[in-house]
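Visitor: Quick note, the sequences are listed as chains A and B, same order.
The letter at position 132 of the first sequence is residue 132 when you use the working numbering, and the numbering goes up by one with no holes.
Count along the second sequence from 1, add 204, and you get the number used in the working numbering.
There's no promise every hint is true.
To spell it out: a stretch of chain A is covered by chain B in this simulated footprint if at least three of its residues, at any positions, have a beta carbon under 8 angstroms from a beta carbon of chain B; those stretches are [claimed, not checked]:
#: 1; region: 15 to 22
#: 2; region: 65 to 72
#: 3; region: 186 to 199
To list a few chain A residues with every Cβ distance to chain B over 12 angstroms, as calculated [as the list claims (entries may be wrong)]:
#: 4; residue: LEU94
#: 5; residue: VAL108
#: 6; residue: LEU202
Label pairs and their in silico Cβ distance ranges [stated by the list, open to error]:
#: 7; chain 1: A; residue 1: SER167; chain 2: B; residue 2: TYR267; range: 46 to 56 angstroms
#: 8; chain 1: B; residue 1: LEU297; chain 2: A; residue 2: GLU147; range: 16 to 26 angstroms
#: 9; chain 1: B; residue 1: THR401; chain 2: A; residue 2: SER167; range: 56 to 66 angstroms
#: 10; chain 1: B; residue 1: GLN411; chain 2: A; residue 2: ARG191; range: 53 to 63 angstroms
#: 11; chain 1: A; residue 1: ARG191; chain 2: B; residue 2: GLY351; range: 21 to 31 angstroms
#: 12; chain 1: A; residue 1: ARG199; chain 2: B; residue 2: VAL417; range: 35 to 45 angstroms
#: 13; chain 1: B; residue 1: GLU245; chain 2: A; residue 2: LEU104; range: 50 to 60 angstroms
#: 14; chain 1: A; residue 1: SER141; chain 2: B; residue 2: VAL318; range: 28 to 38 angstroms
#: 15; chain 1: B; residue 1: SER256; chain 2: A; residue 2: GLU198; range: 42 to 52 angstroms
#: 16; chain 1: B; residue 1: ASN307; chain 2: A; residue 2: THR140; range: 36 to 46 angstroms
#: 17; chain 1: A; residue 1: VAL172; chain 2: B; residue 2: ILE263; range: 37 to 47 angstroms
Calculated directly from the structure, the hints in this document are not laboratory data.
Each residue gets a CB set at the ideal place from its N, CA and C atoms; glycine is no exception.
Read off the chains here:
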Amino acid sequence: MSNIRTTGKKSSNTLVRDLVNVGIFAALYIVLAFLSSSIGYIPALIIFSTGSIALVTSIPLFLFFSKVERSILSCLIFCGFFGTAMFVMGQGVLMLTISLLVGLLAGVVLKVLGKGFAGLFSANIVLSLMSSSMMLPLWTSTEEYLEYTRTMCDAGYVAKLAELAQSPWPLVAIYAFGILGAVVGGFIARRVMKKHFERIGLAK
Amino acid sequence: MKLDPRTKLFLAIVANSVILSAPPVYSVLMFAVPAVLLLFEKKWRFVLAFFSVYLASVIGFEYLKTMDAGLALSLFVSTMMIVSHMMPITIVLYYVMMSTKVNEFLAAMARMHVPNKVTIPLAVMARFFPTVFDEARAIGHAMRMRGIRLFSLRTLANPFSILEYRLVPLLVSVTKIGDELSIAAVTRGLSPETKRTCVATVGFRVQDLIVFVYCLLVVVCYVFLGLTGNLLAR
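Model the full structure from these sequences, guided by the hints.
Guide: This is how it looks when you write it as structure tokens:
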């Protein structure tokens with residue numbers, strides 16, 4: 001892995017394939033994350049939105065993890081794109097930093113544990129921390145985040161958010177539901193991978 | 205009228221940050237730029253549609269937000285709010301995406317010394333958003349024929365089936381497209397280690413300077429007025 005330059009043409013070709021895969025799955029992930037987080041627009045379901053993101057995106061992530069060969073580089077760029085997209089949508093620099101860290105961590109986990117179920121499963125859980133962090137500014141910089149949402153949502157929703165920001169427990173719940181979603185999604189993804197992707201040769 | 209991709213990037217960043225942080229007056233000043241540029245690209249129908257929807261949502265929101273009504277109306281109002289606040293960003297991004305060829309984008313990025321490992325996935329990603337939506341729509345039509353919709357009897361009986369029937373075909377088709385794309389790219393000699401050549405000329409011209417100066421003026425105006433406390437009211 002470390003001597004990409006010296007191994008010549010073949011390694012460079014797999015690198016291009018990895019990079020193209022990163023682009024594709026990043027597009028897919030961003031679309032799916034926005035769609036599945038939209039249940040958070042119902043005030044009562046705010047806490048569960050991270051769980052639904054992790055649940056829905058775990059199947060594409062499993063496929064992505066099993067397809068890329070340079071785990072660390074791919075995960076880093078993948079999460080960097082998601083962080084940049086969130087940054088463009090108005091989240092702070094904190095989100096970008098967290099995304100890069102999570103990407104690095106997920107890549108390392110994937111590299112250490114290998115491409116078996118254990119590796120994919122734990123990398124998926126690590127990556128769910130990234131989508132769960134979307135709500136983090138509500139606790140770290142409450143006023144700014146409320147001001148930001150006030151320009152986007154109506155007063156009732158902002159009041160609900162302000163009520164959530166009072167205690168740290170909803171934050172814990174958000175991360176817990178994110179991880180729970182990733183765990184459940186991981187088991188579903190394992191079944192789906194076996195049933196569909198391995199049969200037609202998309203994944204090993 | 206062609207702008208350098210780097211100017212477009214600058215425009216996108218400045219417009220985004222101004223639209224997200226400043227009062228609406230500044231966002232109007234900001235998205236006037238892509239609107240004018242789109243007119244140069246002969247997209248007047250898009251610009252017209254954009255302005256009518258934008259005005260409708262802004263006026264509708266101003267009118268409706270004082271009313272206190274049930275959940276349905278509040279959902280409607282919040283949708284309108286998102287539309288009126290997010291639309292300026294979409295027109296900027298639409299202009300940048302529509303007018304930039306991948307070729308020029310990669311050349312400009314190489315000039316900025318951004319490594320190819322970042323620009324190649326970025327180019328693929330920008331190209332892939334429409335593909336994802338197209339594929340998803342086609343799969344949705346096919347599945348509707350078999351009675352698999354968001355709220356049908358079959359999906360209510362087993363909610364995870366919607367994941368399986370909608371997501372799995374999407375993933376299969378998207379990965380196949382991706383494989384073909386990477387094979388095509390490798391055949392044409394795209395590689396992160398070699399330097400690519402480009403026929404299109406990429407460079408700064410007078411129009412780039414005008415856009416640059418305009419963006420800077422808006423930002424300076426916003427910062428200056430903000431410091432002196434004379435910020436134009438919301």
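Visitor: If a hint holds in the structure, say so; if it does not, say that too.
Guide: Tested hints:
1. Counting residues of the region 15 to 22 of chain A whose beta-carbon sits less than 8 angstroms from any beta-carbon of chain B gives 7, enough to reach three: the coverage restraint holds.
2. Proximity of the region 65 to 72 of chain A to chain B, defined as three or more residues with a beta carbon under 8 angstroms from a beta carbon of that chain, is not established by the 1 residues found.
3. Remark: the region 186 to 199 of chain A is confirmed as covered by chain B, as 4 of its residues place a Cβ nearer than 8 angstroms to a Cβ of that chain, reaching the required three.
4. Listed as outside the interface, LEU94 of chain A is consistent with that label: its C-beta sits roughly 15 angstroms from the nearest C-beta of chain B, beyond the 12 angstroms cut-off.
5. For VAL108 of chain A, the shortest C-beta to C-beta distance to chain B comes to about 18 angstroms, beyond the 12 angstroms cut-off, and the non-interface label holds.
6. With a least beta-carbon separation of about 6 angstroms from chain B, LEU202 of chain A fails to lie farther than 12 angstroms from that chain, contradicting its non-interface assignment.
7. Separation of SER167 of chain A from TYR267 of chain B is about 37 angstroms and departs from the stated range, judged on CB atoms against 46 to 56 angstroms.
8. For the hinted restraint 16 to 26 angstroms between LEU297 of chain B and GLU147 of chain A, the CB-CB distance of approximately 23 angstroms keeps it satisfied.
9. In this structure, THR401 of chain B and SER167 of chain A meet the distance hint of 56 to 66 angstroms, their C-beta atoms being roughly 59 angstroms apart.
10. Take GLN411 of chain B and ARG191 of chain A: their Cβ atoms lie about 56 angstroms apart, and the range 53 to 63 angstroms holds.
11. Range check, ARG191 of chain A to GLY351 of chain B: about 23 angstroms between beta-carbon atoms, so the 21 to 31 angstroms window is met.
12. Evaluation of the 35 to 45 angstroms hint for ARG199 of chain A and VAL417 of chain B yields a failure: the beta carbon distance comes to about 59 angstroms.
13. Between GLU245 of chain B and LEU104 of chain A the C-beta distance comes to about 40 angstroms, which lies outside the given range of 50 to 60 angstroms.
14. At roughly 30 angstroms, the beta-carbon separation of SER141 of chain A and VAL318 of chain B lies within the given 28 to 38 angstroms, and the hint holds.
15. For SER256 of chain B paired with GLU198 of chain A, a C-beta distance near 51 angstroms keeps the hint of 42 to 52 angstroms intact.
16. For ASN307 of chain B and THR140 of chain A, the Cβ-Cβ distance of about 42 angstroms falls inside the hinted range of 36 to 46 angstroms, so the restraint holds.
17. Separation of VAL172 of chain A from ILE263 of chain B is about 42 angstroms and conforms to the stated range, judged on CB atoms against 37 to 47 angstroms.
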